[in-house]
Amino acid sequence: MNRFAAFLDRLAYEPGRNAKVRLMADYFRATPDPERGYALAALTGALSFANAKPGLVRTLIMERADPVLFALSYDYVGDLSETVALMWPAPPAHMRPNHAPLLSEIVEGLAETPKRDLPARLAAWLDGLDDTGRWALLKLITGSMRVGASARLAKTAVARLGDLPPDEVELVWPGLTPPYADLFAWVEGRAERPETNDPVPFRPVMLAHALEPEDFAGLDPADFSAEWKWDGIRVQVVAGRGEDGVHHVRLYSRTGEDISATFPDLAEALDFSGALDGELLVRKDGRVQSFNVLQQRLNRKSVTPRMLKDFPAHVRAYDLLVEDGEDLRERPFAERRVRLEALVARLGGVDPAAARLDLSPVIPFADWEELAAARADPASAGAGPDADAVEGVMLKRVDSLYVPGRPKGPWWKWKRDPHTVDAVLMYAQRGHGKRSSYYSDYTFGVWSAGPEGDVLVPVGKAYFGFTDAELKEIDRFVRNHTVNRFGPVREVTHGPDEGLVLEVAFEGLARSTRHRSGVAMRFPRIARLRWDKPPREADRLEALEALIREG
Amino acid sequence: MRPEDLLRPTPRGLHCPVGDFYIDPVRAVPRAVITHGHSDHARAGHGHVLATRETLDLMAIRYGENFAGSTQAIAYGESVEVGRVRITAHPAGHVLGSAQMALSWRGLTIVASGDYKDAADPTCARFEPVPCDVFISEATFGLPVFRHPPAATETAKLLNSLAVFPERAHIVGAYSLGKAQRVMALLREAGHEAPIFIHGALTAITAYYETQGIPLGDVRPATGASKAELAGAVVVAPPSAITDLWSRRFPEPVTAFASGWMRVRARARQRGIELPLVISDHADWDGLIASIAATGCSELWVTHGAEEALVHWAGTHGLKARPLHMVGYGEEEGEDTPPAPESEAS
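Protein chains in written order, with the working numbering: chain A, 700 to 1250; chain B, 2 to 347.
The set of hints was computed from the structure by calculation and includes no laboratory data.
Keep in mind that the hints are not guaranteed to be accurate.
[Stated by the list, open to error] Every beta carbon over 10 Å from chain B, so not counted as near; a handful from chain A, in silico: (1) THR895; (2) THR1003; (3) ALA1065.
[Unchecked claim] Listed next, with one range per pair, are the computed distances between beta-carbon atoms: (4) GLU1169/A x GLY218/B: 54 to 60 Å; (5) LEU160/B x GLY861/A: 28 to 34 Å; (6) PRO12/B x PRO753/A: 42 to 48 Å; (7) GLU194/B x ALA916/A: 58 to 64 Å; (8) THR154/B x ASP1231/A: 51 to 57 Å; (9) PRO123/B x GLU1169/A: 42 to 48 Å; (10) GLU1169/A x VAL165/B: 34 to 40 Å; (11) LEU160/B x TRP1230/A: 44 to 50 Å; (12) GLU253/B x GLU913/A: 29 to 35 Å; (13) LEU863/A x ALA294/B: 56 to 62 Å; (14) GLU1169/A x PRO252/B: 29 to 35 Å; (15) GLU194/B x THR1166/A: 43 to 49 Å; (16) TYR77/B x SER849/A: 53 to 59 Å; (17) ASP897/A x GLY218/B: 54 to 60 Å.
Keep in mind the model is a prediction, meaning the values are calculated, not measured.
Glycine included, each C-beta is placed from N, C-alpha and C at the ideal position.
Generate the whole structure from the sequences, applying the supplied hints.
What follows is the structure, given as structure tokens:
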């Protein structure tokens, strides 16, 4: 574990893609099975430990450290796992376990440790590791490991051990499980290519590039098919009969995470054999609900019958990757679309699946102006009552093959313009992790009439959208204009003539009882700093309320 | 008689009213006692300076021969009477020439340790705990998250990276007085014999270390070296130089930084460091509390750094403790202060 941790630590600091691949390939080459396999699993997100919560980590350190020193340290470091890893009181050498635990021992141990024994087991591992080892272990078990290396990059490094193209590894990947001894044996030329016998494997998804205005010049409308970009969750639905004769249905997120358990209502309703690409939505009363409604269903461990009834899940299909064992990814989009339409039609009719699966319609257009008009007003361009769930349009070349990754050219996404509002910075909070010494979380407000004249009411909080240079500028403003401190939060000057105006972009608004202003923003981010604008000219709450009424 | 009768914090620095001198004053004073040569402790323009020979030499290198009206050298173990106060110098283990100044008067002893570390360092004499009534400690790394690993494991990290990326220059940011020379000496101890290239700002001090019998091997100026020479080489530079235009001349540089702050990942990331090396010239948390305990003091005064945590620790261990809230230390780029962006002033 210590060696894996040191490697991970180095990887996390390395900014260059090629250097990252090299570090990973070096590690895989120099590390025996099954250690390297579990390392690969950690890098690709294939390990998950449901039992360990940050609360457990906090309890362990509180039993061993002075609470005041812990609080001061946590405030300084800004990250729980790291703070605990650094200040963990290691026992004297003669009382330490006689060897540092291996990654494989930890992975296998976590799988077999009952929940009640976990604190003691974890403490013993922490005692046996060095500080980097402790950091990696705590990050792993709390699920907050971020080393800036994608699963794709890790597979690229594996492919490099055998001079294979990375896609070769992608192709066999779906059927493999940690610690991947068969995969390493194959890339190193010691064994045959592993066969997959998973009847419902994930296929790496194809992603679109964001379309910029200047891109249109090089694009011919006749080459493209357009459809709505739905504001839901991209899913891959894979269904099929296994060797055991049982019909399996699996729902994957776009990163390949199996999310079937959260949506049992869908899994039951989709009776076909193949893999399709679509958007997960909540459809109720004959219309697609907003993302806020869908959120009620996400990240739930257990799904109550009530939730199933109140928020019925739905898949709106837009591509067909595999049908009855036939891989369609090498066929052009137009052909796949015809097959998809036939499949959805077949599943419709008396089949109850009809209510759970439908087709994402194609938007007819002759030129970019016509498509722009549809994008601006989806309701009258075919989206009808579902227009609220449209966040733009997708453009797909009719001849595009289904290629994993984000190839530039075949697919484009053209989002609707976000809403913006000019708001005044009211409070700033220090960030965590990389930003732990910066004031990087901003609460902003708009004007509203109060009993004694206009006052600012907070309408949202944003912590991204700005550049590193802008972050420094805002941070300096916050430090120089603090009027009050509440722990890590500072209140800054905000009056009609003094203060900082932020142009905040957001995707949508909803009524909220949690916020004093009565509105909640979806996906707010800082679009621009308006140093030029006096706060008195910032927007008013009435403008936001009008937006909700229009919506 | 209270310890404050012998030594008290003032805006100019710690003042001894009995001998009428200041320790590491931040402004020009008639009589100064200087613990070590870092510019936030050793300033130019004092009337008279008492310090070790090495510290006086280093001040002359930095500020010119006329940095003070007059000077007086004190050796480790030597005592000097100033007024009715006896001042004795002891090694502080921080950088070459660094000294703890023990002040004795009417049976009372106060040790002003300046900056110190208890870990071994091939470039300076090792810290000695000095029995005293009041120990004045820094608290730069006064939080239990700061535990510096053995320096050899950090140099091994650097040498390992050189082996994985033999075509890339490895630029190591290190404070120009002390840390830079220590990094070079550590690399030599680890068996690294290749030429080490240095930034121009390190030339004079590095040459001085060599004259004091600290061999640093084949050290060459980075300026003028060819890309082929710099590929796979270690380049040592002041921290401010490693991310500025100066570093662009190097082939695909790996930026390393040798500092105790590198222990905290966010600090390394904020500076864009790819290879953090936790090598510090200050005591870590364990070092601070072990050193304080070893003095047998009954009272602890804490100068700069994480005073709150160290004072809290002292309180839970039966020691009378107070923060001195000294200002003016860590204003120059040095390890006393966290690397930019600035940490909280509050």
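How the hints compare with the structure:
Even its closest Cβ contact with chain B, about 34 Å, leaves THR895/A beyond 10 Å, as expected for a residue assigned away from the interface. For THR1003/A, the condition that its CB be more than 10 Å from all CB atoms of chain B holds, with the nearest at approximately 40 Å. For ALA1065/A, the condition that its CB be more than 10 Å from all CB atoms of chain B holds, with the nearest at approximately 50 Å. A hinted range of 54 to 60 Å for the beta carbons of GLU1169/A and GLY218/B is inconsistent with their spacing of about 45 Å.
A C-beta distance of roughly 29 Å is found between LEU160/B and GLY861/A, which places it inside the suggested range of 28 to 34 Å. The hint said 42 to 48 Å for the Cβ distance between PRO12/B and PRO753/A, and at roughly 44 Å that hint holds. Checked against the hint of 58 to 64 Å, the C-beta distance between GLU194/B and ALA916/A comes to roughly 59 Å, which is consistent with it. With their beta carbons about 52 Å apart, THR154/B and ASP1231/A fall inside the hinted range of 51 to 57 Å.
Between PRO123/B and GLU1169/A the beta carbon distance is about 45 Å. The supplied range of 42 to 48 Å therefore holds. Separation of GLU1169/A from VAL165/B is about 35 Å and conforms to the stated range, judged on CB atoms against 34 to 40 Å. One distance hint, 44 to 50 Å for the beta-carbon pair LEU160/B and TRP1230/A, holds here, with the actual separation near 48 Å. GLU253/B and GLU913/A have their C-beta atoms about 32 Å apart, which keeps the hinted 29 to 35 Å range intact.
Checking the proposed 56 to 62 Å range against LEU863/A and ALA294/B shows it holds: the Cβ atoms sit about 59 Å from each other. Taken as a hint, the range 29 to 35 Å holds for the pair GLU1169/A and PRO252/B, whose Cβ atoms sit roughly 32 Å apart. For the pair GLU194/B and THR1166/A, the supplied restraint of 43 to 49 Å holds, since their beta-carbon distance comes to about 44 Å. For TYR77/B and SER849/A, the Cβ-Cβ distance of about 56 Å falls inside the hinted range of 53 to 59 Å, so the restraint holds.
With their beta carbons about 58 Å apart, ASP897/A and GLY218/B fall inside the hinted range of 54 to 60 Å.
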